[in-house]
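Asker: Chains as they are written, first to last, in our numbering: chain A, 1 to 402; chain B, 1001 to 1675.
Since no wrong hints were added, every one of them can be taken at face value.
A few chain A residues that don't get close to chain B, going by computed Cβ distances all over 12 Å:
no., residue
1, Phe105
2, Lys223
3, Gln266
4, Arg274
Straight-line Cα separation of at most 25 Å, DSS-like style, residue types lysine-lysine; simulated pairs:
no., chain 1, residue 1, chain 2, residue 2
5, B, Lys1507, A, Lys353
6, B, Lys1548, B, Lys1459
7, A, Lys342, A, Lys69
8, B, Lys1320, B, Lys1267
9, B, Lys1372, A, Lys312
10, B, Lys1333, B, Lys1264
11, A, Lys342, B, Lys1507
12, A, Lys278, A, Lys312
13, B, Lys1264, B, Lys1320
14, B, Lys1189, B, Lys1440
15, B, Lys1403, B, Lys1278
16, A, Lys353, B, Lys1372
17, B, Lys1640, B, Lys1655
18, A, Lys353, B, Lys1492
19, A, Lys312, A, Lys182
Rough simulated footprint, nothing fancy, chain A against chain B, three-plus residues with beta-carbon under 8 Å:
no., stretch
20, 1416 to 1427
21, 1474 to 1488
None of these hints come from the bench; they were simulated from the model. Idealized CB from N, CA, C, for every residue including glycine.
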Amino acid sequence: MSTATASADNGNGVMTLENLAKFPEGQKVYSCMQCGTCAATCPYGEDSEFPPRQIITMLQAGLIEEVFKSSSLLNCVACYACMAKCPRGIRLTEVLLPLVKEQVFAHMTDVPAELQKALQNTLRYGNPMGESPRKRALWTKTSPVPVPVLAEIKRPVDVLWFVECYTSYHPRGQDNSRATAKLFHAAGVDFAILGNEEKCAGECARLLGEKGLFDTLTDYNMKLLRKYPFKRIVTGAAHAYDAFKYQFPAVGFDFELHHTTPFFAQHLDKLKPRLTKKLNYAITYHDSCCLGRHNGFYDEPRALLQAIPGVKLVEMTHTGVNSICCGGGGGGMWLDTYYAAKGYERLSERRVKEALDTGADVLAVSCPYEISRFEDALKVQGGDKRMVVRDVVELLAEALED
Amino acid sequence: MVNIKGTEQPRIGVYICHCGHNIAGTIDVAAVAKYAEKLPGVVVSRDYKYMCSDPGQQLIQWDIKGHKLNRIVVASCSPLLHEHTFRNATEKGGINPFYFQMVNIREHNSWVHTDHAAATQKAKAQIHGAVRRVAGHRALETKRVPIHPDVLVVGAGIAGIHAALTLANAGKKVYLVEREPSIGGHMAKFDKTFPTLDCAACILTPKMSQVGNHPNITLWSYSEVVKMDGYVGNYKIAIKRKPRYVNEELCIGCQECVAHCVFKEPKFPDEFNEGLGKRRPVYIPFLQSTPQVVLIDPEVCLNFKRGAKNPDGSPVVSDKCKKTCVEACGENKAISFHQKEEIKEIQVGTVIVTTGFKTFDAKRVPYYGYGKYPNVYTALEVERLVNASGPTSGEVILRDGKKPKTIAIAHCVGSRDENTNRYCSRVCCMYSLKLAHLLKEHTDAEIYNFYIDIRTPGKGFEEFYQSVATEGVHFVRGKIADVYPEAGNTGKLIVQAEDTLLGRVRKLPVDMVVLSVGLEPQADAQDVRRMFNMSCGSEGFFLERHPKLAPVSTFTDGVFIAGACQAPKDIPDTVAQAGAAAAEAMALIDKGHVEQEPNTAFIIEEECSGCKSCIALCPYTAITFDEAKKKAVINEALCKGCGTCVASCPSGSIKQNLFEDEEIFSEIEGVLAQV
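Work out the full structure: start from the sequences and follow the hints.
Answerer: Okay, structure coming up:
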């Protein structure tokens, strides 16, 4: 049985807003002391009628229906900031907010079209862009190194590389994938991908409250993973990493799991001698929400960047646990038009302003959503001549000897 | 079942305590009493609401007389709490106090079980075991051991100072050990104290000077306790005296050496001023230091070889400096670059641990910007900034040289937060209000307190809050979630918090941020705990024997605690505890002796083969070897009743009072009787 959270089923069934108190994570919600940290740290806190603090009061006062009727929760980009700073340790982003969002969408008559489309696409095609599933592995034809597909090689591998959607279809995402393939080769890792069989891990749908869609995708992907023999799973998609780490264990996922950034940081001793090309860049690194705040990988990406000869690392004002979200999580990826209509500042633009202030040449990222979001934001801010956006793996691959 | 030795037959009384609802709410006490009635040897079996109360104890005494009881079993709480109560009642009834056995049906049963029927069944088994066991108990006598009248006080902040003075004034000899070069602790750094606003120095320094001059106090500053052996009444303590490179007896505190140091300007961060000021390699921590003795920092003094160590760990003297300090010291000849660490050994009867606290390291919450933005300060730094004897002589000048016009005070930094410390640090609300008042007085700035709840549950506290509010200090109910520089290089910081009463996120530009950091256990609290055989609570503070009834005692007899080493607390509470700890120590000393539990081991001489295996195993060095008889001998005064020798003796010739094999086996048989 798949549930809203990995730990939701403790014999009390599935956690809902009504039976929260039956679950340890649910009980924590009632320990809220109304300090407002969540609202103050929320990137859209100023624009939200019901920040998490208010949602909890409304829930306790029996007025939660009013929250369902508000579109306030559409502002949540699942950036984990409220959860990371909550002094009561309430798992807002993971537990409470998806349950509320589920109800918000159930009550909503006019779900923003862009979002609706992305969800329909994910259900129908296994990716939010609506691309053909048969073209999912097409990018491998342009890879500088061979990328074996599990169904074809018919042998066990060390690493199953879960590529994910943006990194399969989006042209800039494909750059990430080509770089990752190159790095696997350089590090001497025996790997293969699922190819066209792979479908979206669905984490953003889950954080949106679309549990049904997430469950469907989880069942599919879990069956698929069981089909092939491999030792560990590596993914460059930070959201897929989260889904595997926090949700899949509830359906029996017990594989060793890595995100590419910390994975390559572990292989730095092998990679470093081959990083011979000098890149004279000043780089500022953006801590992604999933990799940073949610999983604590702050040092690994910086260690990788510092291993590149010639690189100078500079920091933005908001880094680490305090990093500013790119605005793409929890469905935010498909709500840009909606936010613009509401007159909100785009978070990706808020972020690149800080990046530009550092005077760096490169904004380095480690989540596939960020490339397109920040490149777009740089253009809007008129900073695209001064700064480029690169994934950490792209920079590493660039520094590899030919 | 064990029979009572001799002709006497067991006549046992069993008493089941309800402990209000604590026990009776889970266990069917009446059914248990009825069950016990039928057990062999039981003459009386009763259940009663509170056995520890006066009528409860009376009941035992009357029954001993009326029913000619010769053994007593009480099933109630932990023996830690009331074993002595019921032993006393047994003795008052006219029989030996060790003809008593206690059963813990509260902590071991009702408090940890929810199934009433099963809990009742378990209580029956526990009591059956005790009934079988008590029948075989022998009459024992408690030993009396004389108490050494001297007291060791560890840590000389306000708690240690007050405890030491109380004892010394009562004529007790006190060793006061402080690890820093001066006594005074945190209180010496404060400007004024809440809620009365009396100046900390004015009330503390006279006490410091009394300590320094008291004939009954031996003050060892810049020293640390390194070892404690022995037992209550007779502790052996080893103290490390760290080298100051200045002879304490010869230094007259004139500080000519400081003035004549080759470093013309103070260059090194001054610990006492939280690094906000500078000092020379030869220095006195602060003007009112006690003792008035300078010290030399070998890490930076030019007459030492930087970083080099002798084989014994002491720094290497380079003799490269002109030694103008030695010249200035002249005939006093107090400076001694070759001074070595010294170990002092003393004997005391009791110990009072008053090692205090450390403040929370604000860097652990990165979004407050401490250590990143210079105008973010900790509260302790601000204490020094507003202090007339501080690095700026009391003028509030920021690290960038400006005077603040807007100040934010962030409450609960490192308190009430699952990411750092869950507990409330208890003093921060009040010291934040005090700092708000002082900063207002010194700067006339606009001051904003960002708080979750204002907690003022002390005498005069709420009135102080009210008065600070009327001074025009602002209060915003919301926890600060972010501190970052204002755009456009204004030099200001934005503090971001939700004003939860308005329901709006506020981004307030300020010149200065004050972090009201919480109180934490000292970094080496675990080492200190081990050394003095104490326990720590989950937050790392030293654990009191009972939170209500023994708040300054520990689980080691004769070792007491007071002040913030036990939990965060303010000065009035600290002083009250220090007085209490001194009184507890005096109660022991003036009694003149301690009674020792007779649960000691003894040797059946005829069966001892003289293999000596027990001697090496005894953790208390209580066993010696009688060469003439070729037998092991146990010193009862040293034996702590751990049972190691009993279990290890290959010939089974060591036994232990209250834990003889027959007693243990009959207890097991009783517990398992229903199985």
